[in-house]
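Asks: Those protein sequences? They're chains A and B, same order as listed.
For the first sequence, the working numbering gives the first residue as 37, with consecutive numbering after it.
For the second sequence, the working numbering gives the first residue as 2, with consecutive numbering after it.
There could be a bad hint or two in this list.
[Claimed, not checked] Selected chain B positions facing chain A (in silico; Cβ < 8 Å): (1) Phe13; (2) Ala77; (3) Ile113.
[Claimed, not checked] Just the calculated beta-carbon pair ranges, DEER-fashion: (4) A:Ser257 to B:Ala88: 41 to 51 Å; (5) B:Asp128 to A:Val115: 40 to 50 Å; (6) A:Ala145 to B:Phe49: 45 to 55 Å; (7) B:Phe281 to A:Arg94: 31 to 41 Å; (8) B:Phe281 to A:Phe138: 33 to 43 Å; (9) B:Phe200 to A:Gly169: 51 to 61 Å.
[Stated by the list, open to error] A few chain A residues facing chain B, derived, Cβ under 8 Å: (10) Ile50; (11) Pro87; (12) Gly130; (13) Phe131; (14) Val147; (15) Met151; (16) Pro154; (17) Thr215; (18) Arg217; (19) Val228; (20) Ser257; (21) Gln298.
It should be emphasised that the hints constitute simulated quantities derived from the structure, not laboratory data.
Glycine included, each C-beta is placed from N, C-alpha and C at the ideal position.
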Amino acid sequence: MKAFRPANVVSYIILLVMSLFVVFPFVWTFVTSIKTDVQMFSIPPQWIPHPATAEHYRAVLQEGKFQSFITNSLVVSIVSTAFSLAIGIPAAYGFAKHRYRFSGLFFAAIVAVRMFPPIVMGVPYFLMMRSLGLINTGLGLMIVYLPLELTLIIWIMEGFFRQVPHEIEEAAEIDGLGTFRKFIRIAVPLSVPSIGVASIFSFLAAWNEFMFALTLTRSESAQTMPVGIAGYVTTFQTFWGQMSATGILYIIPVILFTVFAQKGMIKGLTAGASKE
Amino acid sequence: MKRTRRRAGIWFTLPALIVMAATVLYPILWSLKISLYQSEGMMSSGSFVGLKNYAKVLASHAFQSALSNTLGFVAATIIVELAVGFAVALVLNRNLPGTPFFRVLFALPLMIAPVVSGLQWRWLFADQYGAVNQLLSLVGTGGPLWLGSVWGARAAVLIANVWLAFPFVVLVLLAAMSALPEDLYEAARLDGANAVQAFRRITLPLLKPAILMVLVVRLSDAFRVFDVVYILTNGGPGGATEVLSSYIYKNTFTGLHFGQGSAASFIVMILIMAVCFVLFKLMRAKEEAR
């Protein structure tokens, strides 16, 4: 059989080992989330808890913090992404199709922001938000997420717009469409799949961000999910069960999304690789 | 015609440029100013001290050890990620049955918040109740005190970070590999080249742009690592896993040395830019030499 060639056996061993490495933390978090506190600290650890319990999920949902963390995360991520798309898509189109004197330089500068260590912005953002009275507000977080999202959106969308053939645009011009109507009627509809990819990555950047959320928010009225979940593991007390239950609830939507939208996501992640 | 096209470009890009100027350029200039002033405590206005903050940071033992920890971490994680990522990408590129499934599976860690990964691994690496040491005892060796020992904690940070980052290497290399022209390999086979020769003479040179992109993205990400360290070890034990970002964070928001924090972050920024610049030069020089 072809499948038993040594090269194939080695390949499958590599795939299997790496799959276990990837899946193991997820499985263990799930197992932990359905264990009682006694089972959790049994030595040796139990692989399959018996009986399983939903007490941590119940506790997390009844406490109510989870709902406010997830609401904050959703509002901040969705609103900031919508705003970033509204100004990022035209910018990407301009950089790709209507070059002007310094446009190349501006584009390079925007992409280079991705290489900055965000801690550089930590101090000025904190002082800025303090003087604007935006500490511990969703608005403050949305503002500091804009550059993170804009760099991603402009990077992904510029690559797409550059591939739109000139003939289509010329045909639109002959039909008498002006520059802006050409953008709205031709370029945007053509790029819907890419806009989807860019939106997902922009959303995830805000959804997963931790450092700014940690420095700019203080209470559950504004804290987002990453800060909230980190709160279960403090110097004084550790709630592994509730942390795991929260973690599972937090990542399930992302995992489902990855499985269903994987083609587009992989394209977005590797956008830079195929550009060269 | 040409002129209206250009003017349109300015209008299309202007809103984004204004936002970027307000949210990146302005804060950076502000930070630069802070780094040149004496500023202890919450007050941001002190006397002008020039490069004193920079000198203080560079001379401090904590910064030097954070710098060497970071350099060690960056080197280790890049090497492991590239080695693992290359192996997995080569295997996936063979398109064996089941490949689409594995591709989705390997993409998962990329979507997960680093904080969650840090928490998961912290629980996995717990010394008594942890699953990792339990697994190790099944194969007959006791695991180390992961988070309590110097090299155990460093290994834990490395493993948690490789888990988060190797999928990126896999996906980028895989995308580049699948774009390689099939007929080159055909020709090489006809000339009697074996698989290793084909890899060294065709795959590697043609993948250079993708590898460069992986290096630049992953280097700048590894240099600024924060979330995983903060959650997993918080720099401990005894500063063994303190990296530049966590050092700056503590110096600024716990110690309230805003001036030194800003100075340190500019030093880090210059370092990253220098490394990326050298990388670009090296790759280009090699390309021209051939």
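Asks: Take the hints in turn and mark each one as holding or not.
Replies: Here is what the structure says about each hint:
1. Phe13: With Cβ-Cβ at 3 Å, under 8 Å, it holds.
2. Ala77: Interface hint status for B:Ala77: violated (17 Å vs cutoff 8 Å).
3. Ile113: 6 Å, holds
4. A:Ser257 to B:Ala88: 41 to 51 Å: 47 Å, holds
5. B:Asp128 to A:Val115: 40 to 50 Å: Roughly 43 Å apart at Cβ, these two residues keep to the hinted range, so it holds.
6. A:Ala145 to B:Phe49: 45 to 55 Å: Check failed, 28 Å falls outside 45 to 55 Å.
7. B:Phe281 to A:Arg94: 31 to 41 Å: With a Cβ separation near 54 Å, B:Phe281 and A:Arg94 fall outside 31 to 41 Å, so the hint is violated.
8. B:Phe281 to A:Phe138: 33 to 43 Å: Once the Cβ atoms are compared, 21 Å apart, the range 33 to 43 Å for A:Phe138 and B:Phe281 is violated.
9. B:Phe200 to A:Gly169: 51 to 61 Å: Since B:Phe200 and A:Gly169 have Cβ atoms about 59 Å apart, the given range 51 to 61 Å holds.
10. Ile50: Hint on A:Ile50: holds, closest Cβ of chain B at ~5 Å, below 8 Å.
11. Pro87: 19 Å, violated
12. Gly130: 3 Å, holds
13. Phe131: 6 Å, holds
14. Val147: Constraint on A:Val147 not satisfied, violated at 11 Å.
15. Met151: It holds, given that the least Cβ distance between A:Met151 and chain B is near 4 Å, below 8 Å.
16. Pro154: 6 Å, holds
17. Thr215: 4 Å, holds
18. Arg217: Status violated, d = 12 Å.
19. Val228: 19 Å, violated
20. Ser257: Interface hint status for A:Ser257: violated (20 Å vs cutoff 8 Å).
21. Gln298: Hint holds; A:Gln298 Cβ to chain B Cβ min 5 Å, cut 8 Å.
Of the numbered hints stated above, those contradicted by the structure are hints 2, 6, 7, 8, 11, 14, 18, 19, 20, listed in ascending order.
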